[in-house]
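S.K.: Chain by chain, the residues:
Number of protein chains: 2
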Amino acid sequence: MRCYDLALIGFGGVARALAELIRDDSARLEATLGFSLRVVAITDLNLGSLLQPEGIDLAEVLAMPRGANFSGMPGGDRDADNERVIRESAADIVVEATFTNPATGEPALSHVRSALQSGKHVVTTNKGPVALAGAELAELAGVHGRRFEFEGAVMSGTPVIRFAQTQLAGTRIASVTGILNGTSNYILGRLGDGLALQEAIGEAQALGYAEADPTADIGGSDVRLKVAILAEQVMGVRIPVEQIPTTGITEITGAEVTAAAAEGKRWKLLGTVERHEDGTVEARVAPVALGEEHPLAGVSGATNAVTFDTDLLGQVTVSGPGAGRVETAYALLSDIIAIDRAGGR
Amino acid sequence: MRCYDLALIGFGGVARALAELIRDDSARLEATLGFSLRVVAITDLNLGSLLQPEGIDLAEVLAMPRGANFSGMPGGDRDADNERVIRESAADIVVEATFTNPATGEPALSHVRSALQSGKHVVTTNKGPVALAGAELAELAGVHGRRFEFEGAVMSGTPVIRFAQTQLAGTRIASVTGILNGTSNYILGRLGDGLALQEAIGEAQALGYAEADPTADIGGSDVRLKVAILAEQVMGVRIPVEQIPTTGITEITGAEVTAAAAEGKRWKLLGTVERHEDGTVEARVAPVALGEEHPLAGVSGATNAVTFDTDLLGQVTVSGPGAGRVETAYALLSDIIAIDRAGGR
Numbered sequence: 001m002r003c004y005d006l007a008l009i010g011f012g013g014v015a016r017a018l019a020e021l022i023r024d025d026s027a028r029l030e031a032t033l034g035f036s037l038r039v040v041a042i043t044d045l046n047l048g049s050l051l052q053p054e055g056i057d058l059a060e061v062l063a064m065p066r067g068a069n070f071s072g073m074p075g076g077d078r079d080a081d082n083e084r085v086i087r088e089s090a091a092d093i094v095v096e097a098t099f100t101n102p103a104t105g106e107p108a109l110s111h112v113r114s115a116l117q118s119g120k121h122v123v124t125t126n127k128g129p130v131a132l133a134g135a136e137l138a139e140l141a142g143v144h145g146r147r148f149e150f151e152g153a154v155m156s157g158t159p160v161i162r163f164a165q166t167q168l169a170g171t172r173i174a175s176v177t178g179i180l181n182g183t184s185n186y187i188l189g190r191l192g193d194g195l196a197l198q199e200a201i202g203e204a205q206a207l208g209y210a211e212a213d214p215t216a217d218i219g220g221s222d223v224r225l226k227v228a229i230l231a232e233q234v235m236g237v238r239i240p241v242e243q244i245p246t247t248g249i250t251e252i253t254g255a256e257v258t259a260a261a262a263e264g265k266r267w268k269l270l271g272t273v274e275r276h277e278d279g280t281v282e283a284r285v286a287p288v289a290l291g292e293e294h295p296l297a298g299v300s301g302a303t304n305a306v307t308f309d310t311d312l313l314g315q316v317t318v319s320g321p322g323a324g325r326v327e328t329a330y331a332l333l334s335d336i337i338a339i340d341r342a343g344g345r
Numbered sequence: 001m002r003c004y005d006l007a008l009i010g011f012g013g014v015a016r017a018l019a020e021l022i023r024d025d026s027a028r029l030e031a032t033l034g035f036s037l038r039v040v041a042i043t044d045l046n047l048g049s050l051l052q053p054e055g056i057d058l059a060e061v062l063a064m065p066r067g068a069n070f071s072g073m074p075g076g077d078r079d080a081d082n083e084r085v086i087r088e089s090a091a092d093i094v095v096e097a098t099f100t101n102p103a104t105g106e107p108a109l110s111h112v113r114s115a116l117q118s119g120k121h122v123v124t125t126n127k128g129p130v131a132l133a134g135a136e137l138a139e140l141a142g143v144h145g146r147r148f149e150f151e152g153a154v155m156s157g158t159p160v161i162r163f164a165q166t167q168l169a170g171t172r173i174a175s176v177t178g179i180l181n182g183t184s185n186y187i188l189g190r191l192g193d194g195l196a197l198q199e200a201i202g203e204a205q206a207l208g209y210a211e212a213d214p215t216a217d218i219g220g221s222d223v224r225l226k227v228a229i230l231a232e233q234v235m236g237v238r239i240p241v242e243q244i245p246t247t248g249i250t251e252i253t254g255a256e257v258t259a260a261a262a263e264g265k266r267w268k269l270l271g272t273v274e275r276h277e278d279g280t281v282e283a284r285v286a287p288v289a290l291g292e293e294h295p296l297a298g299v300s301g302a303t304n305a306v307t308f309d310t311d312l313l314g315q316v317t318v319s320g321p322g323a324g325r326v327e328t329a330y331a332l333l334s335d336i337i338a339i340d341r342a343g344g345r
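From first to last, the protein sequence lines are chains A and B. Under my numbering, the letters of the first sequence match residues 1 to 345, in that order. Under my numbering, the letters of the second sequence match residues 1 to 345, in that order.
Extracted from the complex, chain A is given alone in its bound form (with noise of 0.2 Å):
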């Protein structure tokens, strides 16, 4: 049986749900997947780094206790030391789940570009590297005759980047509107219930849904981040992030939101890439009061969803879940099983 040997780059969340994904259930996933999964290197901030060739015990290091670290283990340092451990691990595919600046796309970006030079597939839910350097990293894979797979960096797991790609193959999509941020989403909901802002966004991050800064939920740019990398890879043209036109919405009230739920409008903040009669292709991030029938309408709570104008099917929409830990793992496990079906190694 085919065998893909992982390096875990960054375990935090999500790295570790796949990382208890391959624990629990890889025989499962080898009888339906027809291949096999390893981990031969991890590195994390707090644990440092740890490379194991022959394969690392995952129940082992996920039931390490808070405070221990890699160090005095075969193979471990106390050190991450990132760069080198995507060079010198034998992985066939590094899997890029550091903390990331999404401004600087770093350190994420500079993992990305060192693992595909050093003949490497990528996968990574960040969206920084793909909404700064999209296109120059797929050359860079294409170069090495590698890939560079990043479904999960627009709506976590749940298909879009892909979804595009096979099941619309051969459609002309005029354009691609989605609810890419379940943060705002959630708030925008709340507001309707009567909570004030400041309210709905504690409640928010109660649940867990909000970081404990929300700008970057709220204002719109996480969701702008997302808007150019539909730009790239769905249109096929590039769009520079500051480039995007955002309104995020913090300037809605309650009282707007309830009024248009009166007429049977709902406030959605969505994020559109539309395609021009003459060509040009446009982007904006925005809220919208969006009639009863529109599709992206009745998506509430922290749901993500897109949907897409085509010239053969109309509209077609997709939604599912938009974060969350073991969703987002599947989103990386989605992107390796893509490298599979695509050849592997």
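These aren't lab readings, by the way, just hints derived from the structure by calculation. Note that the structure is a prediction, hence the values are computed from the model and not measured. Please note that the accuracy of each hint is not assured.
If several chains are the same, the list does not tell them apart, and a pair holds so long as it fits within one copy or across any two.
What the hints assert, rightly or not - Quick list of in silico lysine to any residue cross-link-like pairs, SDA-like style, CA-CA up to 25 Å: (1) Lys265 / Gly194; (2) Lys265 / Gln198; (3) Lys265 / Glu292; (4) Lys265 / Ser300; (5) Lys265 / Arg190.
Could you slot chain B onto chain A? The hints should help.
M.R.: Just chain B now, with coordinates in the frame of chain A:
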């Protein structure tokens, strides 16, 4: 460039829409898909049969006046003679698009068998052969090293079968629930607007959604066939069509629909396949009053949609058109694309 030769068995609205697409859009399709399509045989109850191994002039055939037929054209015959054309044509792919009895699957079922036996791939949107003999035909295809593809049999051009097999690969699907008949969904919506059942049926017929005999749509037997297909193709379990408990929408009154709406619920005719904890799989067709938070509650008009309940991703929903000649022709094209991506000839 790879070129696939097609035999169009049945030349009604859907096959004509596919022929128009090839006539009008082949340069774009070749550029984006990497292969070209040529029609080398057509049969039709009214037109007869036409075998031209060097390629049929589709513009000419599509412009034929009503009442004309293929006799007198090179390779033409007054008689449709589907079986002979399927066996004798040099087609790579047989496009089965005849008017077929959904209860017996004929004549499509025989056509699919003949095509596979003579070493040709088959694409179809006919439900009958898939629901009644899906496993037999898949095995026959395997024996002959060909493919049998039928994405359009469930939701026309909206992806569902390959979506489950590719985009959800590696997840455990606990249930599949869908709005799989646009006519009944449209009628339920109009009952909610205050129309009586007969009025709503008449309106659906006037709009071209409902057949002259709407029994299969409103009685649930159309959905039942689709549920049988989903059980086998998505859940891996064959459930004979006649063993699927089926209730249509004929007993639902407008008063019930409006009463449910007052509680924030919407009646939908659902086709469901569910895997229970003990591993058994249950299928059923019945109207259900869904709460507004259910992803299928907001699916209105003639739109179709399916929700997958998965272990790793939770609920993922795909919605889009469930009928239409161009949309269904796209389903056939998507099947051809799948054949090409699987290695073609």
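S.K.: All the hints need checking, so say for each whether the structure fits it.
M.R.: Consistency of the hints with the structure:
Within a single copy, Lys265 and Gly194 get their C-alpha atoms as close as 16 Å, and across copies as close as 21 Å, so both meet the 25 Å cut-off. Taking identical chains as interchangeable, the C-alpha atoms of Lys265 and Gln198 lie at most 25 Å apart only when both belong to the same chain, with a minimum of 23 Å there against 31 Å between chains. Taking CA atoms no more than 25 Å apart as the test, Lys265 paired with Glu292 passes in both settings, with 6 Å inside one copy and 15 Å between copies. For the identical chains of this complex, Lys265 and Ser300 are neighbours both inside a copy (13 Å) and across copies (15 Å), given an alpha-carbon limit of 25 Å.
When the C-alpha separation of Lys265 and Arg190 is checked against a cutoff of 25 Å, the pair qualifies both within a copy, at 15 Å, and between copies, at 20 Å.
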